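Undergrad: Here is how the chains run, residue by residue.
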Amino acid sequence: MTTAASSVELSAIRKYFPSNGVEALASVNFNLVAGEIHALIGENGAGKSTLMHVMAGVVKPSSGKISLDGNEYSWDAPSDALRAGIGMVRQHPRLVPGFRLWEDCVLGAEAVRWSIMNRVAARNRVNELSCRWGFNLDPDALTDDLATSQRQKAAILALLLRKVRFLIFDEPSAVLAPAETDRLFDLLRNLREEGRGIVLISHKLDETLTIADRVTVIRQGRTIATLPARDTSVDMLRGMMFGEMRVADKPLHRKSTPPCRNSRQADRQAKAPVLDIRSLVVQVPGKPYLRGINLALWPGMIHGIAGVRDSGPETLELAIAGMIPPVSGEIEVLGKRISGNNPKSFRQAGGAWVPADRTGVALALRLPLQDNMVVHAVGRALRNSIRIMSKTNLRRITRGILSDARVTGDPRQLASGFSGGTLQRAVLARELAENAAFLLLSEPGWGLDLENKAILHHTIAANAARGTSILLISTDLDELISLSDTISVMRNGNIVATFQVPDPDTIHPPMEIPALREAIGAAMTGSEACADVG
Amino acid sequence: MLAEMRDWKQDKKRDGKGVSRGVASGSILALIAAVVLSTILIALAAENPGDALKSFFITPWTSLYLLGNMMDRSGLLIVTGLGIALAFKGGTFNLGGEGQVYAGGLAAVFVLLHAPENLSTPITMLAALVVALAAGGFLGAVSGILKSRFGVDELISSFLISSTVAPIADYLISGPLRDPSSNLLATARIPARLLFPRILEPSSMNISLVGAVLLAFYFAFFLTSTATGYRIRVAGSNPLFARFAGFSPSRYWMPVMGASGALHGMAGFFAVAGTYGLCHRGFSGGIGWNGIAVALIARNNPVALIPAALAFAWLETGSSSALLSSGLSMETGTFIQAVVFLLVTARLLPLGRTFLPVWLGGRK
Amino acid sequence: MIAAILSMAAPLMLAGIGALLTELAGSLAIFMEGFMTLGAFVAWTVTRATSSAWAGSLAAALVGAFLAWALARFCEKTGANTFIAALALNLAAAGITQTLSIAWFGTRGVLVDERVPASAKILSGIDSYLVLAVIAVVIIALLVKRTHFGLRLRAAGKDPEALSERGISPARYRVGSWAAAGALAALGGAALTFRIGAHIPGGVAGRGWIALVIVYLGFRNAWGVLAASILFAAAEYLSGIVQGTGTIPATLLLGLPPALSLVLFSITSTLKNRSIKH
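Residue numbers (the working numbering), protein chains in the order written: chain A, 20 to 553; chain R, 240 to 603; chain X, 129 to 406.
Rather than coming from a laboratory, the hints here were simulated on the basis of the structure. Please note that a few of the clues may not be correct.
Unchecked claim - Only pairs whose alpha carbons sit at most 20 Å apart, straight line, appear in this in silico EDC-like list of lysine to aspartate or glutamate:
1) Lys273/X / Asp497/A
2) Lys400/X / Glu55/A
3) Lys472/A / Asp497/A
4) Lys205/X / Asp95/A
5) Lys79/A / Glu55/A
6) Lys286/X / Asp95/A
7) Lys286/X / Asp163/A
8) Lys273/X / Asp95/A
9) Lys79/A / Glu289/X
10) Lys286/X / Asp497/A
As the structure is a computational prediction, the values presented were derived from the model and not from experiment.
Using the sequences provided together with the hints, build the complete structure.
TA: Structure (C-alpha cells):
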C-alpha cells in the first residue's frame, strides 16, 4: 500500500500562542514511518497534543518544517493534512450530532455529487469496513447514541474510508475498558500490518510498551528521547517524563513557607471540616463521570488533586462550584449544602473559585476590566441592599486587586484588550482578595512565568497559613508538591490514591520528593496493581 | 439558532489593544460612508448638484424650521435608541419597537383626549406617560417572559407581537377613535394645554427633547453606577460569568425587554403630544427601526446616543431637504438607513486600517 | 376553493423552502420579506418590458440570487452580523422599489399594464407558480435528504467545526443557501405579482416573515413547509371571506397572520426546548 520510504517528519517545531503567552513547543523533532506504531509520551502540558495538532494541520507551527515522503508541506487546515493522508482520532471524536453513523462516516469522503446518492451502497461500504475490522457498529445508529468507544471506532472508520496513511490516536484507551483496549490494540496492529503509520499518545505506559515499536518522550515542549520500545522500560520512561528533581530552580522543600505549618497538622482534627464531600456521583454528558468521591478538608490545609486530562478533576471542580448538578451525594462548604446547578450557593457558603476556564467563566471580555474586578463586591453590596455603587469605591477596590496582581494599564479598557497572562493574574488576585474560608483553585499557575508563579505560590501558602482551606487542582506536579499537604490522585472518575507530602522540617529528608513524584505518576497512569473500577 | 446572531468571523481574534477606540471609529467611518453615498446619489440625480449639496449640508442648520425638526426627531430617536441599547446590554434583542411606539402613542392620546377637564395638566400628562409606558412595556415584557420561561426567541416574538398590534391600532385610528371632523386618518387633536410646549416655533421641537437627553444621562448612570445596571450588563456580556457571580441571567430578560418596550412607548407619547399633536395612522413609521440604527451607531452607549441620534436625524433631514430642493421625490430615507445598518455592523476597520490616520484607529 | 388556496400557498411555499435551506445551513435568512418585495417589482418591470412572464420570473430569480449572494459574501468578508445585514436589506427593499418605481414609471402606487398577465396558467387551469413551488419543494426535499450535497448542508448547520475538520468549508454552504433563498424569495414575490397581474407596493404584506415561521412550524422539514404553507394559505383565504362579509374589518384581519404565527411559533419553540432538555 505504501512504499518503504513513506514517512512524516517534523523538524525543529516551535509553537508559541500569543493569546496567552504560552510556548507549548520549544523545539521538537519527531518522525513517523509507515508500518510502525510510534508512541508519544509525556506529562500533561508537555506538548504532545500540540505537536500532533501541528502534524494533523489543526494548528500552524510558529517555526519548523513538516515533510511528508521527503516533500515539505504547510497546512492551513486539517483538510489539507487529510488530503495528504494524515488524520487524527481524538479521545472524544467530533461527530455530527443528529446524523446516522454511516452519514457521518461518509461526510466529506466523496466528491460532491448532486445526484441522488446511493444510500444503500454508501451504507454498505461503511458496514463492510466496520465488519472487516471487527467493529460491530450499526450503521444506522444515531451518533448521539454512541458510547465513546463506538465514537472512536466511527472516527477511525471515517479516516479509513478516506484512505488515510498516517493515523494519530490521542489517548484512546483512557476512556476504554480493558477489553475494549485489547480490541483497539488488535486493530492498531492490523493497521500497522497494512503499512500505515500510527502515533499513539498515551499515559498508560505498561500497555503502550506492549504495542509500540518506537517511543518518543516529550517534556516541556522538547523531545527528550526517541528510542525503540524494546530498549526502554516503564521506569525509565517515567523518569524521563517527570524528570529528576531540578537543582537549578527553586528547591521544592518548604523552607520558604511560613513556619507555623507544622502546627496545623495537629489541630486539624479539632475543627469541623471546611469542605466535606460524601459519595459524590456526577454524570453530565460530555464530561468525565465521577463515580463516588469522598473528600474532606480542614482549615489551613492545602489539598492537591492530580490526574490526567479527562480523569475527573474538571468535573469535580464544576460540581463543587455548583455549576453542574450531582446525581447523588453531598457537597458541603462550611456545613452549608451546595445545591447543584446553583453557583450562588457556593459563594454564599463562603467559597471562592478560580476556574480553569478563566476567559469563559471568570471574565466578561466585552466589559471593562474594572467591571470584571468588582463582581464580588457588587454581589456583596446587593446582599446588603445597597443599590448604588460609588464609583470611587469601585475604583479603589479595582486598584487594590490590580496592584496585588501587579497589573498596569487603564482598568476602564475592555478586558479583551489585556493579555492572557495579565487576565490570569487579575482573576487570581480578585478571588484571593475575597479572603474566603475555602478556596477552589484550578490550574492557578497556568500561563504564568516562573517569577509570577513563585509569587503566586507564596501567596497561596500565606493564605493557607491564615487558615484558608484550599483545594488545588493542577496538572503541574511541581506546583502540587510544593504547595500541598496532601495529594489525591484521580483516575477514571475515582480517587485512587492519597499521598502525604513530606514536610522538610521534620525528620524526613527531602529525598522523599522524587519518590513521591514517581508514586503520583504511577497512580495517574494506572501502572500499579489497583483494580480498574469500570 | 435565531437568537445567536451568528457572526461568521467570530473565531478571528482581534489584537486587543485599542479595541474601544477602534470601535468608535468604526461608527464614524460608517456614518461618513453613508453621507458620501447619499451625496453621490443626490448629486448624480439632481439637476443642480450644487444646490442639492448645499441643501444637504448647510440648510438643515441654517433654517430654523429644519433645525428644530431635526432636533425634535433626534429626541425621539434617543429614546427608542435607549430602548434598543438597553435590550442589547441585557442580552436580548427588541425587534418590536415599531408596534411599541404605536401602542404607547395611541394609549397616551386616548388618555389625553378623555381626561376630565378639571384635572390639572401635569397630572394628566403624567397619567398619559404612565399609560404609554405600560402599553409599550407590556408588549416588551411578554416577549421577555416567553424567552425566560419557554425559550422562545425574543427577536421573532417581539416582531410578531408588534405586527399583530399595528393593524389593531390602525383599525382603531381609522375607525372607532377617528376624528370624524377631519380628513386625516387620525384621532382628534389633543387639547393645546396638554401638549408639550414648543421650543423653536414653527418647528416641532419641544421640551420632550430635554426629557430625552436627561433620560440618556440617567441610563448611563443606571448602567454604570447601580448594582442592577451592573448585573444587567454582566448578564448580557457573558451568561456563564453571571452564573459564576451567583445569579441567573434569565432573571433579567423580562425586566429588560419590558423596560425597552416602555421606552418605546414613551417615544410614542413624546411623538403624539410633542411632535404631532394627535395620533395619525402609522405615525410611528421609522422611529422604531431607526432607533436600532442609532443604537448601532452609538454602540449601545447611552450618552453616545445623543450625537448618534443627532447625526442620523441630520442624515434624514439633509437628504429630504436636498431632494425637495432639487425637485426629486426619491425615497432615500430607508435606503440611507439600510446603508448605515450595513456599514455599522461590518468591521470595515481592519480593511481600512492601513489608510486611516492613527487617531482614528489606523495602523502606524 | 382548493385551487384558490393552493394558489395562495405558492408564494409562501417558495419563500418557506428558501428560508428552510438557510436554516439548515445554520444561518437563517431574515431577508425573505425584502427579497419578495424586490422580486415582485423586478418581475413586473421585466415582464412589462419583454412581454414575457418567463423572462420576468427569470430576472427576478437572478436578481434575488445575486443580491443575496453579494450580501452573504459581504458578511463573510467583513465579519458583519448576518442578522443586521439581512434586516438592512429588508428596510432598503421597500425604499429601493419605491425609488425605482418613481424613477421609471413616475408613480409609487399600483402598477398595472396589460403586458403583465394575471394568473399565468399552464396545463389548463393549474397555476404555473404552484407547479414551480411544488417542484421546488420536491427537489429540495430530495436534495437535502438524499444527496451528498444535502449531507454537507445539514452538517454545516449542525456542527460547522466537524465539517471543516473534514476539509469542507461550511461558509460556502451558508453563502450558497443565501443565494438560493434570495432567488426563491424573489420568485415568491413574482408569484404574487402574477397572481393579480399588477405590482402593489406593500403587497407582500409580511409574507416574508411568515415564511420564517413556516420553517419552524414545518419542523424544519421540506414536506412540513409544504403543509404549513397550505395551512397559512387557508387562513388567508378564510380571512378574505370574512373580509367579504364585512363582519370583521379588513385592517384588523391583517393582524391575524402574525398573531397566529406567534402562537404557533411559541408552541413549537416550547416543544423543541422541552425535547432538548430530555
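Undergrad: Each of the hints needs a verdict: does it hold here or not?
TA: Results of checking the hints against the structure:
For the suggested pair Lys273/X and Asp497/A, the alpha carbons sit about 54 Å apart, so the restraint of at most 20 Å is broken. Between Lys400/X and Glu55/A the alpha-carbon distance is near 49 Å, which puts this suggested pair outside the 20 Å criterion. Straight-line distance between C-alpha atoms of Lys472/A and Asp497/A comes to about 11 Å, which keeps the hinted pair within the 20 Å bound. Straight-line distance between C-alpha atoms of Lys205/X and Asp95/A comes to about 18 Å, which keeps the hinted pair within the 20 Å bound.
With a C-alpha separation of about 25 Å, the suggested pair Lys79/A and Glu55/A falls outside the 20 Å cut-off, and the hint is violated. A C-alpha spacing of about 23 Å is found between Lys286/X and Asp95/A, which places the hinted pair above 20 Å, so the restraint is violated. The suggested pairing of Lys286/X with Asp163/A holds, with an alpha-carbon distance near 12 Å, which does not exceed 20 Å. For the given pair, Lys273/X sits about 31 Å from Asp95/A by alpha-carbon distance, which is inconsistent with the 20 Å threshold.
Our distance criterion of 20 Å between C-alpha atoms is met by Lys79/A and Glu289/X, whose separation comes to about 17 Å. Our distance criterion of 20 Å between C-alpha atoms is broken by Lys286/X and Asp497/A, whose separation comes to about 42 Å.
Violated hints, in rising order: 1, 2, 5, 6, 8, 10; the structure is consistent with all others.
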